[in-house]
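Protein sequences, first through last, are from chains A and B. If you read the first sequence in the working numbering, its first letter stands for residue 17, the second for the next number, and so on. If you read the second sequence in the working numbering, its first letter stands for residue 17, the second for the next number, and so on.
Please note: incorrect hints may appear among the correct ones.
The list treats identical chains as one, so a pair stands whether inside a single copy or across any two.
[To be verified] Dumping the calculated BS3-like pairs for lysine-lysine here, alpha-carbon to alpha-carbon at most 30 Å: (1) LYS265 / LYS210; (2) LYS255 / LYS217; (3) LYS20 / LYS242; (4) LYS210 / LYS128.
No wet-lab data here; the hints were simulated from the structure.
2 protein chains.
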Amino acid sequence: MMDKIGFIGLGIMGKPMALNLLKAGYEVQVLKSSGGVQDLQNAGASVFEDVKTLAATSDIVITMLPDSPEVNEVVTGTDGVLNSIKEGSLFIDMSTIAPSVARNLYQVLGEKGVEALDAPVSGGQVGAESASLSIMVGGNASAFERALPVFQAMGKNIIHIGSAGAGQTTKACNQMIVGITIQAVAEAFTLAEKAGVDLEKMREVLLGGFAQSRILDLHGKRMIDKNFKPGFKIKLHKKDLNIALETGKQLEVELNATRQVATQLEKAIEMGNSELDHSALYLSVNQK
Amino acid sequence: MMDKIGFIGLGIMGKPMALNLLKAGYEVQVLKSSGGVQDLQNAGASVFEDVKTLAATSDIVITMLPDSPEVNEVVTGTDGVLNSIKEGSLFIDMSTIAPSVARNLYQVLGEKGVEALDAPVSGGQVGAESASLSIMVGGNASAFERALPVFQAMGKNIIHIGSAGAGQTTKACNQMIVGITIQAVAEAFTLAEKAGVDLEKMREVLLGGFAQSRILDLHGKRMIDKNFKPGFKIKLHKKDLNIALETGKQLEVELNATRQVATQLEKAIEMGNSELDHSALYLSVNQK
Chain A
17 MMDKIGFIGL GIMGKPMALN LLKAGYEVQV LKSSGGVQDL QNAGASVFED VKTLAATSDI
77 VITMLPDSPE VNEVVTGTDG VLNSIKEGSL FIDMSTIAPS VARNLYQVLG EKGVEALDAP
137 VSGGQVGAES ASLSIMVGGN ASAFERALPV FQAMGKNIIH IGSAGAGQTT KACNQMIVGI
197 TIQAVAEAFT LAEKAGVDLE KMREVLLGGF AQSRILDLHG KRMIDKNFKP GFKIKLHKKD
257 LNIALETGKQ LEVELNATRQ VATQLEKAIE MGNSELDHSA LYLSVNQK
Chain B
17 MMDKIGFIGL GIMGKPMALN LLKAGYEVQV LKSSGGVQDL QNAGASVFED VKTLAATSDI
77 VITMLPDSPE VNEVVTGTDG VLNSIKEGSL FIDMSTIAPS VARNLYQVLG EKGVEALDAP
137 VSGGQVGAES ASLSIMVGGN ASAFERALPV FQAMGKNIIH IGSAGAGQTT KACNQMIVGI
197 TIQAVAEAFT LAEKAGVDLE KMREVLLGGF AQSRILDLHG KRMIDKNFKP GFKIKLHKKD
257 LNIALETGKQ LEVELNATRQ VATQLEKAIE MGNSELDHSA LYLSVNQK
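In isolation and in its complexed conformation, chain A is listed as follows (with noise of 0.2 Å):
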């Protein structure tokens, strides 16, 4: 018999994972709240009123929420999934929230004989629709080994980092990374358009050397045809920057570009931008 699944938080990524899980054959149970229900009872999930009562059923428990209090509140909070989830269910959190909570739900889970699991994702809408996200995970090799196939029902490059909260610094780090990259080929554009030089041919003229990067070919492609379609919010991008920063502080790591980044996006924020692609970065580096 294959693990039944508990999901919580149909939303943009949520609800593509959830239907691939029934896709690959598992029985899914999902909440009567949550926004994209409908098209998965259509699918085939069965539909709970509440937490307690869905986590009480399931053998596995996943979480895809906005950030770290809601994962909390769903987790710890009145009838959350600490007080009804059996002894020996799993609880994947799939959210991009601080690693600090992370360990904290394996702590208190795993007080009542729950395995907690860390497995933030990357690869946006299009990775969540065609299963082919990357999953970091962070907690136990045998939690790990038991969500594999699970894992494999809506991802592809799913690697098991280390131990509770490593999936969750991992993510941090990426969205640093990428965030950084961001404002570095912001900045490189503007001071090449404020100095006449055609920006399509430098972009191509970067990629053949060490400035290459994933960001610069797409991002740098969007910034250039001023496409800011999301792809990635720049909202979103903030909240991540602010759990790098948050988790920075608690380690004492002086993070001072990341630091600079945020300031950027809450700059982009502040211009009316919080719903475009990152890379919109772009708009608020590029004016004066």
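Fit chain B to the known structure of chain A by using the hints.
Just chain B now, with coordinates in the frame of chain A:
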């Protein structure tokens, strides 16, 4: 008859570049005072006492010098190139200097009937030795066409970017992106290391997603291996970012991340790391 080339500046880069011109069959003329003159003479170059005589007898004069002041002095100084170069000759500066200086040289040489190209390179010593440099060229199309066979004896990825100064602007942008990306990887690796995450595993998973870059690949590996043998030295990268910042000032562009990385490089120099590879920026981010 092939063009007679006067080559000024036989350092780590200039020497192998001049040797490659000899290999390609060019008559190469060098200065007695240049560091690498003996090797060039052995390979068949003619040796001259001073810039004036060298420039007067060359069809093409190439400079490969440390910075803007040196190039300026060689061209516009007493008994410099400008005083003796023949009308109809071609001047090519392949050093990395300020775009504004390149444009000024183009101007003053043009007034003497001499076309000028700014043609900075990337690819380092290895690229210079193997004649596989990337060459970013600014100046008139006719001058570019004339110089192309000469460039092809030294490089592979040869692109005419735009008018005078465009090559140097592109090089400045390259150095900005490379420097900021190194900073990005250094901050991510520092955070991950303090959090106890395996850096090699993290590098691997991040190379599979949007954080992918040649810097994460090669310089990330150097940081993990603590291998900071240059490569490209911290002090040279600092010089190049100064050019970018000066250009930004002239064009009234705010380059916040570039400035931040320049400060970080300055810190690395104060730590005594100026002769190390630029990936050693990691050492100044990852301290405390």
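Hint check, failures only: Violated: hint 3 alone.
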